[in-house]
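Peer 1: Each chain is listed here by its residues.
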Amino acid sequence: MAGYIIKRIAVAILTLLVIMCITFLLMNAVPGSPFLTEKSTPEQIARANAKYGLDKPLYVQLFNYIKNYLKGDLGTSLKMQEGTAVSKIIFHQGKFRLSIKLGVYALLLAIIIGIPLGCIAAYNRGKWIDGFLRVLTTVGVAIPTFVLATLLLVSFAVKLKWLPTLSSSLTSFKSYIMPVVALSFYYTCYIAKLTRTSMLDAINQDYIRTARAKGVKTRSLILKHALRNSLIPVITYLGPVLAGIITGSFVIESTFSIPGLGRYYIQSVLTRDYPVIMATTVVLSALVIFMNLVVDIAYKIVDPRITLTGKED
Amino acid sequence: MDEKKTLLEIKDLKVSFFTPAGEVKAVNGISYSLGYNEVMGIVGESGSGKSVEAYSIIGLLQPPGKVVGGSIEFEGENVLEYDDEQMRQFRGNKVSMIFQNPMTCLNPVYTIGNQLTEALLCHDKGYTKEQARARAIEMLELVGINNAEKRIDQYPHEFSGGMRQRAMIAMALICEPKLLIADEPTTALDVTIQAQILELMKDLQKKENTSIIFITHNLGVVAEICDRVSVMYAGHIIEQGPVNDIFYDPQHPYTKGLLASTPRLDEEGRERLIPIEGTPIDLLNPPKGCNFGPRCKDCMKICLREKPPFVEVGEGHISACWLHFKDQAGKEEKK
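Note that the protein sequences, when read in sequence, are chains G and X. Residue 320, in the numbering used here, is where the first sequence stops; the numbers in between run on with no holes. Residue 814, in the numbering used here, is where the second sequence stops; the numbers in between run on with no holes.
Hints in this document: simulated from the structure, not taken from any laboratory. The reader is advised that the hints may include incorrect statements.
What the hints assert, rightly or not - DSSO-like, lysine-lysine: derived pairs with alpha carbons at most 27 Å apart: (1) Lys307/G / Lys608/X; (2) Lys604/X / Lys231/G; (3) Lys307/G / Lys629/X; (4) Lys224/G / Lys545/X; (5) Lys573/X / Lys231/G; (6) Lys629/X / Lys231/G; (7) Lys776/X / Lys504/X; (8) Lys573/X / Lys224/G; (9) Lys608/X / Lys78/G; (10) Lys776/X / Lys224/G.
To be verified - Pulled from the structure, derived: some chain G residues nowhere near chain X, Cβ distances all over 10 Å: (11) Asn131; (12) Gly138; (13) Val161; (14) Ile184; (15) Val223; (16) Pro247; (17) Arg279; (18) Val289; (19) Ile296; (20) Val309; (21) Leu315.
As the list claims (entries may be wrong) - Computed beta-carbon distance windows for the label pairs: (22) Gln568/X / Lys168/G: 54 to 62 Å; (23) Asp761/X / Asp213/G: 23 to 31 Å; (24) Phe180/G / Gln568/X: 29 to 37 Å; (25) Tyr244/G / Arg743/X: 54 to 62 Å; (26) Ile119/G / Gln541/X: 27 to 35 Å; (27) Gly795/X / Tyr306/G: 54 to 62 Å; (28) Gln568/X / Tyr306/G: 31 to 39 Å; (29) Pro754/X / Asn211/G: 47 to 55 Å; (30) Asn688/X / Ile242/G: 43 to 51 Å; (31) Leu115/G / Glu687/X: 48 to 56 Å; (32) Ile242/G / Asp669/X: 32 to 40 Å.
A virtual CB, placed ideally from N, CA and C, is assigned to each residue, including glycine.
Take these sequences, add in the hints, and give me the full structure.
Peer 2: Here you go:
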């Protein structure tokens, strides 16, 4: 297990290097400059470029990025908060924490609600509750996040005035409700659908009949024997879910005016703040890679037949 | 020995499946009884209702299948009148079952030990976890699994097919049930393992004093292990008797046909196997007369009109065929 994790970390570092190279190329392929404003003269731009090393050949710039990242230096912002260290902007101004909090709550909500809903639907297959949940989850999967977010805002904040319109820095419990629900709704519904299908599949397996034959209680039949087997496809889905929740949070953060990393990321691209784009991309990529590792290890825990090293032991 | 006493008494059991196309009478009025320590073989081709009948004893029948008539008395109590909780306590505790495919019958994500002890712990027998584990190890040793102390913590995928069936047997017998229903337990195994498992079951049957209902379509297996045999065809028992009578003196044309289509090592002269012509009847539209009539070589007019009653053709040997009446009439005429 330890060897496997070390191997995965090594691969992750390589992956991040490749991501850095691609990001760097894409940043430079897009026209424009962080110092380009209506008033700026070519001399001013040239001076600023020279100050931040943007006049050097591209391969030298890339090499400098990699060298600094290996040292743990993510560079300084060129535009948005000129002169401030990027690491400080991401980690110390609460942006990263805010986005992660939002994402983790949404993910937890999707798991905590989605899996039981799937179980309930499967157990009551063909009854009205199954039909109701099927309609609900299909609608949930079909509605785009921004539409749902707007609907929530209009009904709960504007009309009913139960919840605050601006969630801003997510200080109170109430301000969390709408962004988290809007962000997680699609995934909750998808996980419920997935759980229902794989649960139905599990319920018809021979080992469930064996368990029934030995007199296992119905509750334990579902929660012990069927659920664990039906979680395997759900876990597979959780890796992409996390990536989706991070990208999805851009939309939610904009809709609810939450100053999180997602919104900041988009702004950094719009203003060509190269070090911020690079740092945000790398941090989010690292997060996705890490979550994929967690998912793979979770696999092993749920299904003992899976060997992480690829060798039969 | 209390062999004479009855453990299980099935009277006129009827099981139907309610499909969109209509009612399929999978088991249509079968009766038999099973004594303590007795091994009853139930043979018949696929779809003859042998598994359905067994599932209704243990309450594993799933919709759209339903018991529509008759009674199943186990030690004098009608099992069909049990509520859900009584049925759950009954399953695995007094009657247990092993199935055809050991590769898929054990839950892949729990250890063998977990699944074995679960069988014990879900019936409130006062076992602690440690005691249950000790008992599980004892059972694994009993079914011939070496190194049981270590094996108990392994997962099903670490066991071979034969070992999994052994583990299944250990699990079925861990609560010391009075009756074990074995639904084609050797069909999915290769021949040498089949023989080992049969040997084991014979052994355990004597040691544990368990009655067995052995469902199979393999007549060789029946000869090996059973005391009595019921031959089923299209939801009916058509012949029943002691194992030797069925093999050496079969009375019903279907049983004769089954035996003629079974390869045997002791008959050198016979090279070709003789199949039973035709196909099983459509259970949605069963014929008015004998179910086997349309396929029977000796079919008479009455066979297509009326269902034949049982005739006692030997001691404890019954058969349902109109030919027996013809034979009797012939004998009486000669006299």
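Peer 1: Against each hint, give a clear statement of whether it holds in the structure.
Peer 2: Going down the list of hints, with the structure as the test:
1. Lys307/G / Lys608/X: The hint holds at about 26 Å.
2. Lys604/X / Lys231/G: holds (21 Å)
3. Lys307/G / Lys629/X: Satisfied, since the Cα-Cα distance of roughly 21 Å is no more than 27 Å.
4. Lys224/G / Lys545/X: The given pair, whose Cα atoms are some 21 Å apart, holds under the 27 Å limit.
5. Lys573/X / Lys231/G: Between Lys573/X and Lys231/G the Cα gap is close to 23 Å, so the pair holds against 27 Å.
6. Lys629/X / Lys231/G: Holds, at roughly 24 Å.
7. Lys776/X / Lys504/X: Cα-Cα ~25 Å, so holds.
8. Lys573/X / Lys224/G: Given that 27 Å is the threshold and the Cα spacing comes to 16 Å, the pair holds.
9. Lys608/X / Lys78/G: The given pair, whose Cα atoms are some 54 Å apart, is violated under the 27 Å limit.
10. Lys776/X / Lys224/G: violated (50 Å)
11. Asn131: Consistent with the label, Asn131/G stays out of reach of chain X, its closest Cβ about 13 Å off (over 10 Å).
12. Gly138: holds (18 Å)
13. Val161: Val161/G clear of chain X: closest Cβ-Cβ about 45 Å, beyond 10 Å.
14. Ile184: holds (36 Å)
15. Val223: Answer for Val223/G: violated, closest chain X Cβ roughly 5 Å.
16. Pro247: The claim stands: Pro247/G keeps its Cβ more than 10 Å from every Cβ of chain X (closest is about 23 Å).
17. Arg279: holds (51 Å)
18. Val289: Val289/G is indeed farther than 10 Å from all Cβ atoms of chain X, at 37 Å.
19. Ile296: holds (27 Å)
20. Val309: The claim is violated: Val309/G sits with its nearest Cβ about 7 Å from chain X, within 10 Å.
21. Leu315: holds (15 Å)
22. Gln568/X / Lys168/G: 54 to 62 Å: holds (56 Å)
23. Asp761/X / Asp213/G: 23 to 31 Å: holds (28 Å)
24. Phe180/G / Gln568/X: 29 to 37 Å: Given a distance of about 47 Å, which is not inside 29 to 37 Å, the answer is violated.
25. Tyr244/G / Arg743/X: 54 to 62 Å: holds (56 Å)
26. Ile119/G / Gln541/X: 27 to 35 Å: For Ile119/G and Gln541/X the Cβ distance comes to about 31 Å; the hint holds.
27. Gly795/X / Tyr306/G: 54 to 62 Å: Roughly 57 Å apart at Cβ, these two residues keep to the hinted range, so it holds.
28. Gln568/X / Tyr306/G: 31 to 39 Å: 37 Å Cβ-Cβ, so the 31 to 39 Å window holds.
29. Pro754/X / Asn211/G: 47 to 55 Å: violated (34 Å)
30. Asn688/X / Ile242/G: 43 to 51 Å: Given range 43 to 51 Å: holds, Cβ gap about 46 Å.
31. Leu115/G / Glu687/X: 48 to 56 Å: holds (50 Å)
32. Ile242/G / Asp669/X: 32 to 40 Å: holds (35 Å)
Hint check: violations occur at hints 9, 10, 15, 20, 24 and 29; the rest are consistent with the structure.
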